[in-house]
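Novice: The chain contents come next:
Number of protein chains: 2
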Amino acid sequence: MVNAIFVTGTAGSGKSLLTSRLMQWYRDTGAYPVTLNLDPGAVTLPYEPDIDVRNYIDIGTLMESYALGPNGALVMASDLVATKLDEIQEEVYEANPDYLIVDTPGQIELFAFRASGPYFVSNLQADNKATVFAFDGTLVSSPINFVSISLLASAVKLRLKTAQVNALTKRDLVIDRLKDILDWAASAQALESALNVEKDAEYSLLSKDLSRSMTRAGFAPGLVAVSSTTMNGLVNVAAALARTLNQGEDG
Amino acid sequence: MVNAIFVTGTAGSGKSLLTSRLMQWYRDTGAYPVTLNLDPGAVTLPYEPDIDVRNYIDIGTLMESYALGPNGALVMASDLVATKLDEIQEEVYEANPDYLIVDTPGQIELFAFRASGPYFVSNLQADNKATVFAFDGTLVSSPINFVSISLLASAVKLRLKTAQVNALTKRDLVIDRLKDILDWAASAQALESALNVEKDAEYSLLSKDLSRSMTRAGFAPGLVAVSSTTMNGLVNVAAALARTLNQGEDG
Numbered sequence: 001m002v003n004a005i006f007v008t009g010t011a012g013s014g015k016s017l018l019t020s021r022l023m024q025w026y027r028d029t030g031a032y033p034v035t036l037n038l039d040p041g042a043v044t045l046p047y048e049p050d051i052d053v054r055n056y057i058d059i060g061t062l063m064e065s066y067a068l069g070p071n072g073a074l075v076m077a078s079d080l081v082a083t084k085l086d087e088i089q090e091e092v093y094e095a096n097p098d099y100l101i102v103d104t105p106g107q108i109e110l111f112a113f114r115a116s117g118p119y120f121v122s123n124l125q126a127d128n129k130a131t132v133f134a135f136d137g138t139l140v141s142s143p144i145n146f147v148s149i150s151l152l153a154s155a156v157k158l159r160l161k162t163a164q165v166n167a168l169t170k171r172d173l174v175i176d177r178l179k180d181i182l183d184w185a186a187s188a189q190a191l192e193s194a195l196n197v198e199k200d201a202e203y204s205l206l207s208k209d210l211s212r213s214m215t216r217a218g219f220a221p222g223l224v225a226v227s228s229t230t231m232n233g234l235v236n237v238a239a240a241l242a243r244t245l246n247q248g249e250d251g
Numbered sequence: 252m253v254n255a256i257f258v259t260g261t262a263g264s265g266k267s268l269l270t271s272r273l274m275q276w277y278r279d280t281g282a283y284p285v286t287l288n289l290d291p292g293a294v295t296l297p298y299e300p301d302i303d304v305r306n307y308i309d310i311g312t313l314m315e316s317y318a319l320g321p322n323g324a325l326v327m328a329s330d331l332v333a334t335k336l337d338e339i340q341e342e343v344y345e346a347n348p349d350y351l352i353v354d355t356p357g358q359i360e361l362f363a364f365r366a367s368g369p370y371f372v373s374n375l376q377a378d379n380k381a382t383v384f385a386f387d388g389t390l391v392s393s394p395i396n397f398v399s400i401s402l403l404a405s406a407v408k409l410r411l412k413t414a415q416v417n418a419l420t421k422r423d424l425v426i427d428r429l430k431d432i433l434d435w436a437a438s439a440q441a442l443e444s445a446l447n448v449e450k451d452a453e454y455s456l457l458s459k460d461l462s463r464s465m466t467r468a469g470f471a472p473g474l475v476a477v478s479s480t481t482m483n484g485l486v487n488v489a490a491a492l493a494r495t496l497n498q499g500e501d502g
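Protein chains in written order, with this note's numbering: chain Z, 1 to 251; chain V, 252 to 502.
Heads up, a few of these hints could be off.
Have a look at the derived ranges for each label pair, beta carbon to beta carbon [stated by the list, open to error]:
1) Z:96 <-> V:338: 52 to 60 angstroms
2) V:449 <-> Z:242: 53 to 61 angstroms
3) Z:212 <-> V:376: 30 to 38 angstroms
Calculated from the structure, these hints are not laboratory results. Think of the CB as a built atom: it goes at the ideal place given N, C-alpha and C, for glycine as much as any other residue.
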């Protein structure tokens, strides 16, 4: 039984680190996890990928062969990821893991908001699928920014169409606002109160309406905070994933 | 009187082309427009930028000096954009245009969802500011995808905090769905009807709730369709911008 977990989030939100932590977690609990690096632009990773898209797509070669700048090369490389599904699928079959932890491209825009990402997520064979969306702690330390990233997370969920767990990364860097952030995620009322005291009246109004609707739509962030430096919080991410994966969506 | 227009949108949505078309439009109508390329990763542009961040930030040099891959270099370059505000501001003062059309970084994620973008938009001196968000026609040809990009547009609006005009680009590529897309943007009811016939029941439900709230929050896409190849539609973008800029927000 393969549980596929796609780790997503904005550039620099800590996806690769979260991938390595999840790998460690599942291994420590006696399961058999396997990592798939799906970021053709990755240079160094905090883990050794078991399966690596860089074995199929080389950014340097693309830059040379097509005379592309880094932007163009990353876009092309991300688009090519979908074309490598069969080969990658073969490696997954051979490994036959309990958990396939997929570290997605550095910029979520090049994965979720192009055809390649949804195609890959949809067509990868797995018994259960879930996404972990990384809420970058440093991007959500004000209520308006929190709503903004929640909207982005919703947009990604609609594109990838898998059950989604939201993890707040870099909790250590926002320790003074951590309680507030988790309150905003847990309680629409807490978020509204915070928005009420924001200076930007128009944008706090827009934020309030949008956050109300997200709650009504069943998209309650349900944020779990994880550390950048320790395994702190991983147990909660794993628990949320277990609930999500066992709901048997997709597959 | 300087009207600053930030052209935003996902990678490949046609920002640079839209920038060049707006430049041409304003010039043809007798105004004095100036283009600012804010994308350090741009290689070729369909216009000759009057002011260019590439004169201040060189991606190739960053890649070498810091031994960065394309991902890392783009992130660093985008973050450095904010540090060049003073020099760029000086050039804008000297030019003293009626319209400053700002072509933003290729991936909106590296502009809107990092500190650099909001900082730059907020601190650039201008009498009026507005954003044009490019809805990539090829990314919004299904109702669920349309809602997804609308959410992204809302998220960007909350981060950049300027009045926003939404432009549907590549209308020529989605000509068979164009009427539908414009209907979804104009009428919440039309969008809901379309969502009702989508196969993915759960995601269409989430989409319906989210789109209702965006309408209530006053974020009606108000989409204007523009061509990739002709000046078709520009008049409507310019008209929407005129209304938006004259509302005197920010500045």
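Novice: Now tell me, hint by hint, if it's right for this structure.
Specialist: Quick rundown of the hints versus the structure:
no. : hint                                : result
1   : Z:96 <-> V:338: 52 to 60 angstroms  : 56 angstroms, holds
2   : V:449 <-> Z:242: 53 to 61 angstroms : 29 angstroms, violated
3   : Z:212 <-> V:376: 30 to 38 angstroms : 35 angstroms, holds
Checked against the numbered hints above, the structure breaks only hint 2 and satisfies the rest.
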